[in-house]
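A.B. asks: Protein chains in written order, with my numbering: chain A, 14 to 304; chain B, -9 to 350.
Some hints could be false.
A few chain B positions that, by computed beta-carbon distances, are all more than 10 Å from chain A [claimed, not checked]:
1) 37
2) 53
3) 120
4) 212
5) 301
6) 331
These stretches of chain A come out as covered by chain B in the derived footprint (C-beta under 8 Å, 3 or more residues) [as the list claims (entries may be wrong)]:
7) 94 to 102
8) 119 to 129
I should point out that these hints are in silico values taken from the structure, not numbers from a laboratory. Glycine included, C-beta positions come from ideal geometry on N, C-alpha and C.
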Amino acid sequence: MTENLIDVDESMPTNMVEEYLRMDRMPHIWCPGCGIGTTVNCFANALDQSKLDLQKVAIVSGIGCTGRVAGYVNLDSFHTTHGRAIPFATGLKLANPELKVVVYSGDGDLTAIGGNHFIHAARRNVDMTVILINNFIYGMTGGQVAPTTPVYATASTTPHGNFENPFNLPYLAASCGAVYVARWTAYHVRHVTKAIKEALLKKGFSFVEILAPCPTLYSRRNKLGDGLDQMIYYKENSEVKNDVDTKTVGLDFQGKIIVGKFVDKDQQTYLDIMNDYYSVKFGDKYTPYKG
Amino acid sequence: MREVRLMKGNEAAAEAAIRAGCDAYFGYPITPQSEIIEYLSDQGRKRGMIVMQVESEVAAINMIYGAAGAGARTMSSSSSPGVSLMQEGLSYIAAAELPCLLININRGGPGLGTIQPSQGDYFQSVKGGGHGDYHLIVFAPASVQEMADYVYLGFDLADKYRNPVLLLADGALGQMMEKVIFPEYDPKQHKIPKPWATTGKPAARPPNVVTSLHLQSEEMEKINFRLQKKYRKIEKNEVRYELISTDDAEYLLIAYGLTARICQRVVEIARQQGLKVGLMRPISLYPFPYEILNKLADQVLGILDVEMNAGQMVEDVRLGVNGKIPVNFYGRMGGIIPTPEEILQTLQKMMKTVDVKEKV
Ligand SMILES: Cc1ncc(C[n+]2csc(CCOP(=O)(O)OP(=O)(O)O)c2C)c(N)n1
Ligand code: SF4
Ligand SMILES: [Mg+2]
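The following block holds chain A by itself, in its conformation from the complex (with noise of 0.2 Å):
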């Protein structure tokens, strides 16, 4: 008997991850080879792995390739401004407490156009999980310099090189005040997956940096292959060091790269401190904002 092994449901999920996205929207827009959407697997793996309600989960992006992930994922979502992602995020935070918020966005988006907003959402700790794609490039406009190239690196405004410090991003969020600071690679699905889970369950301003190829605009324009040799890169390349000042964490051009978790602190975030703040100023008299 051949059984009913064919007798599928139709109905059944044939992957776990397409619950948590639009299939209606697939394809997606992304290159073959990027690895924007290695990370959205493993976005959906954590989110599974949280158990967090998903009714109770929003996810904001900003602009750019990137920016693309909130259009994808099976939840309420918001494309918002360029760069405005965090202060977008941190309105939904207060307007309505009990939602765990999650901005999911490029380089030049979080840190170009949006960096004032990064370092003040980290300083207040306002509770959210940013997840940064740091491709080292601006993909969606064609390939021009980011915050995050590094130097001698090409692209379409570097023609002849970078010459610009790029920022070292896990020092950044932790010297704002991040409470969990992690970096790794879209090669290290594993703890890519594992840093968004922790992310998410963490309370507080939570920041996930996440190296991953843009064969289109910037590995191939730097002669570095396609997405796969990317891959490799990260593989050949990385070193984990958990607790590291991540003062010593900044990335050369295709030299090491420091992957881990790097803060992991608890601290209380923007409304608890501002509750706490106006109950010991104000008493009885005080009522504390709930959302």
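Given chain A's structure and the hints, the job is docking chain B with the ligands onto it.
C.D. replies: Just chain B with the ligands now, kept in the frame of chain A:
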């Protein structure tokens, strides 16, 4: 040196900026104008310019504010969402009376909208955009050649009037390739002295102060009067427009930029059909060519204003016509470019209603 090239509108504007002696460009990538910063990142940097991709449009406009204050020829370019971010800076620059050039390669909005061409930023460009009583000088090129020509003129007039100049084009003009002639232009002959610039105070002169803050109302009003006087002068001297087949026209099309190119085709087709149609193309959107329009309103029976928006310039057209004849509007939005056929159809429909009115 005079040179003929085949280029995209964005590249032509960038090349013209280098030839016009632009000292410093500050910008941020956005489609459909990134070719400007990309061209300058290569050519401009090699040819002695500061070309910076900065962290946002807010940073760019304020760097321009600084560079202009120091007396430099300075510029930026962006597209609609980025230009919205620059409005605060523009108000300050206009208030401080500093010269600079800005190019807006208009795309479809509102919001993030689309990267396709649009003329939805007319109001923002000519009616202020930022806060307070100020004007930018606004030119609307309609060809790759004009994308270059108005860069030279833009820098010169910015210096002359100590006022920001805006070139308002759209995604199609930025992206399309045409022949362009770069004239002989020696920046040294055009860069006028800027005794007001903050170049470092010599012992003999009082400090030059760049500011737009005047807390005393009487003082503030005086400055406003001075600005308004300057705007009246600009309105008198800098009106620019093109008339096509208007001498015997009975019906008039009005359009600027890309839409004017399309309307030029409409005029050709209409003329082949024996319809006396002409086109008036405002080149300066501020100052707007009200006067010629008012004269034309005495001659033609009806006007059709065509734009790639919901009807913005048409308000200025109606001001110019001042109720003398009917002014109709035809527009497409969201990045859709109207075809000559649909404009002609609208025109023919309009002719019927206008004719009827005439007979009544
Ligand atoms: C105000 C404004 N300026 C510029 C842009 C154009 N823009 C869209 S995405 C982007 C950069 C994206 O880079 P990144 O955040 O690194 O995302 P990636 O595409 O690399 O994932 C830019 C400059 C815009 N949409 N709005
Ligand atoms: S351009 Fe780069 S970042 Fe964008 S989808 Fe393609 S590979 Fe990914
Ligand atoms: Mg990027």
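A.B. asks: If a hint holds in the structure, say so; if it does not, say that too.
C.D. replies: A quick look at each hint next to the structure:
1. Every CB of chain A is more than 10 Å from the CB of residue 37/B (nearest about 13 Å), matching its label as outside the interface.
2. With a least CB separation of 14 Å from chain A, residue 53/B remains clear of the 10 Å interface cut-off, as annotated.
3. The non-interface label for residue 120/B is consistent with chain A: the shortest C-beta to C-beta separation is roughly 18 Å, beyond 10 Å.
4. A cut-off of 10 Å between C-beta atoms confirms that residue 212/B is not in contact with chain A; the least separation is 36 Å.
5. The claim that residue 301/B is not at the interface with chain A holds, since no C-beta of that chain comes within 10 Å of its own (minimum 26 Å).
6. Residue placement check: residue 331/B keeps its beta carbon more than 10 Å from all beta carbons of chain A (closest about 33 Å).
7. Counting residues of the segment 94 to 102 of chain A whose beta-carbon sits less than 8 Å from any beta-carbon of chain B gives 3, enough to reach three: the coverage restraint holds.
8. Look at the segment 119 to 129 of chain A against chain B: 3 of its residues bring a Cβ nearer than 8 Å to a Cβ of that chain, three or more, so the hint holds.
When held up to the earlier numbered hints, the structure conflicts with none and fits them all.
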